[in-house]
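> Chain C is already provided as a structure; the job is to place chain L on it using the hints.
Chain by chain, the residues:
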Amino acid sequence: MKGSMRPFAGLRTPLGLLAAAAIAVGAVGEALLAPIPAVAQESETPAGEWRYIGGDAGHTRYSGLDQITADNFEDLEVAWIWRGDNFGPTTLGVSRSTPIYVDGVLYTVAGQRRHVVAIDPATGETLWTHREAHTTRFDRGMRQGYGKGVAYAEIDGRGVIYIISPAFFLHALDAKTGRPLENWGNPVPLPGFPQTGVVDLLPDLIADWGPWQSWDGAYDPDFGIPRELGYITSSSPPIVVNGVVVVGNSAEQGYNQTRVENVPGDILGYDARTGEHKWKFHVIPRPGEFGHETWENDAWEWTGDVSSWAPLSADPERGLVYVPTNPPTIDFYGGFRPGDGLFGTSVIALDVQTGERVWHFQTVHHDIWNFDNPTAPVALDVTVDGRPRQIVVQATKQGWAYTFDRVTGEPIWPIEERPVPQSEVPGEQLSPTQPMPTRPAAYEMQGLTEDDLIDFTPELRAEALEIIRNYRLGPIFNPPIQRGHPSGLRSFVSCPSGASNIHGPTSADPETGIIYVGTRRGCRSENIVPGELIDAPNDIKTTGRTFSQFAVVNRGDFRGPQGLPIYKPPYARIVAIDMNTGEHLWETPNGDTPERIRNHPALEGVDLPNTGVPSHPVTMVTKTLLITAEGTAGLPRLHALDKRTGERLGTVALPASGQYGMMGYQHEGRQYIVVQVAGSGLPGSLAALRLPSP
Amino acid sequence: MTKRRDGVGAERGSRMHPRRRFAVVEVALVVGLISAGWISVPPSAQSGASVADGVFTEAQASRGEATFRRVCSACHDTGEFSGGRFRLTWVGQTAGDLFDTIATLMPEGDPGSLTPAQYAAVVAYLLQVNGYPAGESDLPTSLSALRGLEIVAAP
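Protein sequence lines correspond, in order, to chains C and L.
All letters in the first sequence, in the order written, are residues 4 to 697 by my numbering.
All letters in the second sequence, in the order written, are residues 37 to 191 by my numbering.
Don't take each hint at face value.
[Claimed, not checked] Estimated spans, in silico, between C-beta atoms of each pair:
1) 462/C <-> 178/L: 23 to 33 Å
2) 695/C <-> 172/L: 49 to 59 Å
3) 462/C <-> 152/L: 21 to 31 Å
4) 137/C <-> 90/L: 51 to 61 Å
5) 454/C <-> 90/L: 47 to 57 Å
6) 190/C <-> 89/L: 48 to 58 Å
7) 89/L <-> 226/C: 32 to 42 Å
In short, the hints are calculated from the structure, not lab data.
Computed from a predicted structure; not experimentally measured.
Backbone N, C-alpha and C define an ideal beta-carbon position, used for all residues, glycine too.
Bound-form chain C, shown alone:
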């Protein structure tokens, strides 16, 4: 995966043509000995391009370009801003989609509706757009503003853009024109839908699913799945691997659900050339399938979720796709679904041609903590104890980087099952142990103790000690307690809550094997009550039939003294971990102490350390630099960091604060960095930076 080793570095010709040309002239190279696939899906992005939202199929968010260096970083200027207004019924104030750059064009999605847009990389001009017609399914959507971007493949030499819409349709568009692909997919019998270039994913998803099979009613493509059965949407693009479009999905947030039935988020595979449905992987195993026994109470029959809402990654050479999953339906209570509940909160490796499970690792058993795997697993080649290893790393809300051999699933360093606290909530039965990585060390605090409390002044500490008297503190996997618990405590506190999360996906340097993990300190203290008390039967987003014995009434009221965080800083950091050794190399706070903290009246005269900005840092790696933005709460700035030390080497202004991710490409000889930004008067937007004209 080394950028410098790419056989076709620096060229932008479609790979299929290149390979054909190279063979024609008898060029020597290992890559050329393989037969030319009819569907070209290169495992390595040509230098200067960014063909997956994560840069490459392994989601390293690495660009091998080197024009922008420590010496000229502060000369960067904004080339253009692409504004996301007007791509949905209301202005979206977030930017959660990383563009791709292929063959001289940028592609991404915009707004709640996930309009597909092609953008001129030099000027920011919109070249074409594609809008999905309105459906009731869209209105029922719960993850509309989570587009994350598009997927790309070349079919018979033609570029094709693939997206999954919030209404759960798969679209295939000609990359040059934006037109729906001819002779592809199935006609959708709804006004405004093209008769080709689209697949309604729901019929394929539910065809073999018991609750649908026994449902007495016809399929309604506008409405989708009946509310009594569940709802499913998407919050990421598919990934195309070796001619197969792999489709993940997304469910309603588990902390918003009150009823126990839902649709399992099975993974779907489609032929990239025809749109034909190829395979399905049951994320909740059926009788006779591996893992079925991890579901007790027959919950496998009627409950759902286990969605894969984060982007998928892949190893095209080995034909494997890596799927990070969510827990089953309902966060913070799982009494109705006893058992470990495979493949909830897991990393699954599937054979991309068949959809068969090659390996899996469940990162949290019987997850009730909202500890879903929130980012794409990152694939790297490293050397561990003198042995070359192909690894995949899953950064998590728990603050652990779970590390596996990406071919076999074997943990690179031992992951031990260790005892965890048990629940006192009626009906809840937790796993007695949870898997805990021994290496790399956790990169975020694990639980909250008195030692972790704010101690800037004796008064603040005393206030914090008073606050925690009302809560049940504990280590990671501290279980919830229900409202009205005999102890009289207000709630539980579980930390971290989202060390790594949706925003600020991990980036990595394939040349050194170092990963750069963003982490934000935080705790949770959800309150749970009987689902019946908070159920909203007339809300179009309510699904299922049977009230959960407990459900989340609110996200908790656990807060620190005088508007300050209750724990010590730093509030967010970037942590560099050498994946050859598992050692933390360095860490640095994200940005600088915010003005709100610096000028806080309770902190007058206190010599503050750099607390960092409390948001997930946004990162990418280039040949020369680690580039970071401070995230939603940060100042609108872009920093260059030394990859080896974390030292800040330069800073330039952004039009608004960085969000989610960034990407880079070389266009007409010049290196660009595109940052997702929002705020400062801008809606969710893209800002492109480049060096001044020579």
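Just chain L, lined up with the frame of chain C:
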């Protein structure tokens, strides 16, 4: 065929989950909520004024909706703050408590970064979502004034 789009009736007891032994526990919990002080009337709210008295304007709620969509909807749906969830969390407290909670906790990562007028407008919007009537004047931005407005059960 019946689509049943207007509401999802819960089938209580239609599927007997072995672990579903609700009724007694639920009653005990509701009693528990009250006795544990979850549902209480702070002394400051006992002036008699309440959020049911038309304490915000339509225009203010509209401004709040725009702010909610731009800032809050990135992570939140109004469903989290309406119906039973709103009732169980907020009835018995004051508009000041709601304002203070939002302003000191949100947006995540940058709490306090909106103006008091924006926070007040978001509170007005949430009151509107929960069915409280609009009136002739804006919800105030002063915490002490807001603490004088009790959140009573929605009309």
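> State for each hint whether it applies.
How the hints compare with the structure:
1. Take residue 462/C and residue 178/L: their Cβ atoms lie about 26 Å apart, and the range 23 to 33 Å holds.
2. Between residue 695/C and residue 172/L the Cβ separation comes to about 56 Å, which falls inside the hinted range of 49 to 59 Å.
3. Between residue 462/C and residue 152/L the beta carbon distance is about 25 Å. The supplied range of 21 to 31 Å therefore holds.
4. Judged by the Cβ atoms, the range 51 to 61 Å given for residue 137/C and residue 90/L is violated: they are separated by roughly 35 Å.
5. At about 50 Å, the CB distance of residue 454/C to residue 90/L agrees with the hint of 47 to 57 Å.
6. Distance hint for residue 190/C and residue 89/L: a CB-CB separation of about 56 Å, consistent with the stated range 48 to 58 Å.
7. At roughly 40 Å, the beta carbons of residue 89/L and residue 226/C sit within the given window of 32 to 42 Å.
Consistency note: the structure conflicts with earlier hint 4 alone.
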